[in-house]
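Keeping their order, the protein sequence lines are chains Y and S. Residues in the first sequence are numbered from 1 upward in steps of one, following my numbering. Residues in the second sequence are numbered from 1001 upward in steps of one, following my numbering.
In case anyone wonders, no lab produced these hints; they're calculated from the structure. There may be inaccurate statements among the hints.
To be verified - Computed list of chain S residues with no C-beta within reach of chain Y, every gap over 12 Å:
| no. | residue |
| --- | --- |
| 1 | A1189 |
| 2 | L1243 |
| 3 | I1246 |
Stated by the list, open to error - Some chain S residues near chain Y, calculated using beta-carbon distances under 8 Å:
| no. | residue |
| --- | --- |
| 4 | L1019 |
| 5 | L1029 |
| 6 | T1196 |
| 7 | C1197 |
| 8 | T1201 |
| 9 | A1276 |
| 10 | A1279 |
Virtual Cβ for every residue (Gly too), placed ideally from N, Cα, C.
Take a look at the letters that make up each chain.
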Amino acid sequence: MTTTQQQVSDAPVATDDAATAKGAPVRAMALALWVVVGSLLAYGVAQTALKASALFA
Amino acid sequence: MRWLDKSRTVAPRGYNRWLVPPAALAVHLSIGQVYAFSVFKNPLLDRFGTSHTSVAVIFSMAIVMLGLSAAFGGKWMERNGPRKAMALSAVCWVTGFLVAALGVAVGQLWVVYLGYGLIGGIGLGIGYISPVSTLIKWFPDRPGLATGLAIMGFGGGALVASPLTAKLLETYAPTPSEAIVPTMLTLAAVYAVLMTCGAVTIRVPAPGWRPEGWTPPVPGTNRMQSHADVRVANAVRTPQFYLLWIVLFTNVTAGIGILEQASPMIQDFFPAVTAATAAGFVGLLSLANMGGRFVWSTTSDKLGRKRTYIMYLGVGALLYGCLAAVGASAVGLFVGLTFVIVSFYGGGFATIPAYLKDLFGQLEVGAIHGRLLTAWSAAGIAGPLIVNGIADARSAQGVTGAELYLPSLVTMCAVLVVGFVANMLVRPVAARFHEPVVDAAVVTPAEPVGVGATTEETR
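In isolation and in its complexed conformation, chain Y is listed as follows (with noise of 0.2 Å):
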């Protein structure tokens, strides 16, 4: 590992809101991402499943 160092965890607080405030319609963005591909995964695996299921039949 070329890099070691831990990030500071004492900066200015005004620093830390500045990126929090910036970085919210991200992560708003990324959570409603990982429903979308949750749904998609659980729609493929339902319709799957339901092929699959005539193995059983």
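Fit chain S to the given chain Y structure using the hints.
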């Protein structure tokens, strides 16, 4: 276009690393459609009135381009970051669909080759490798879980695209061949949105970031986990790279041996099995393929990568032997054995980036992974050739039933033994290939990084 720059993707302080996997999944779910291409096969045959081989070339071209673009685009991707790579992948993948739809509309098959096969194939390769090294950097404590999550999406992509495409082909026109163009345009629109969302939300950790409470293992505790980085130019000069190439090649070849012939194989083994039941068997194997990617790759974090491949290749060879010896005795046994074999196939794909990270470090793991994927392209040609060649020869001799497949199964068993030996020969990479280690004492402590901030790494 500066928002595509690597510097704009650095995560803000306190960013939850669990917000990164959906970006990777969005891309892999989209490009995973390639494994559902067979749904287009019959409509394309009707539309062009051509041979099966002419249509099969579209898929083969896409897979060959996947290997080539991953091999040659990996270094570019490492330099430019995951967002630019995901955006390029989205442009190529969506353009591939649009050009292919144009080819279908004007009745020119070569335009479909150019679109889906060539341009789309480039999107496949760049998209496949783009999130892998980013996820490894976010999950240095659980790289197997990270790569399993992303690459599971590729397996899941076909599960989503297959029923969706069938539904669209059924809905848009009275016959599927007339519905190809609107179906391709719809898929292009869906994938454009999904992949763009992935590119927008992807974030790389700030330099020096590490998970809270986690400390890197002390050098020497696990010899198979490197604490140094190896660049791609040096990695391809090590024997470890070629041993892992053989490992991936043999694992994929053996898996394709089952997947390629799943439906006719179960019907030949058990004449009572109907075509509908065989389709159910194919569905079950798809679940094994996808589940294996996540479950076995995650397990490799505990078991160790070398031991995991000992399982994939050693136990896999035994299972192939059992299939040849007693597979025809009961349907349940046949299904159980093939389920585990295919789960090992999926697991092999998902665990290889973590194995590469263990051996070569994380600095250029995405580029090294890209080079290694040429093994996939090679296996994609060798696997079906072996299985179909042997089955055709046996069929010409008048052999039927389970006997038709016995030489193929024994050959696959031997192929896995070769991979097993290659894996056993893997040793830690020699120190002469390592990048010089920066002394921690002289590294400037990482500054708090906001969204879009320029950092030492990205300057």
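Unmet hints by their number, sorted upward, for this structure:
6
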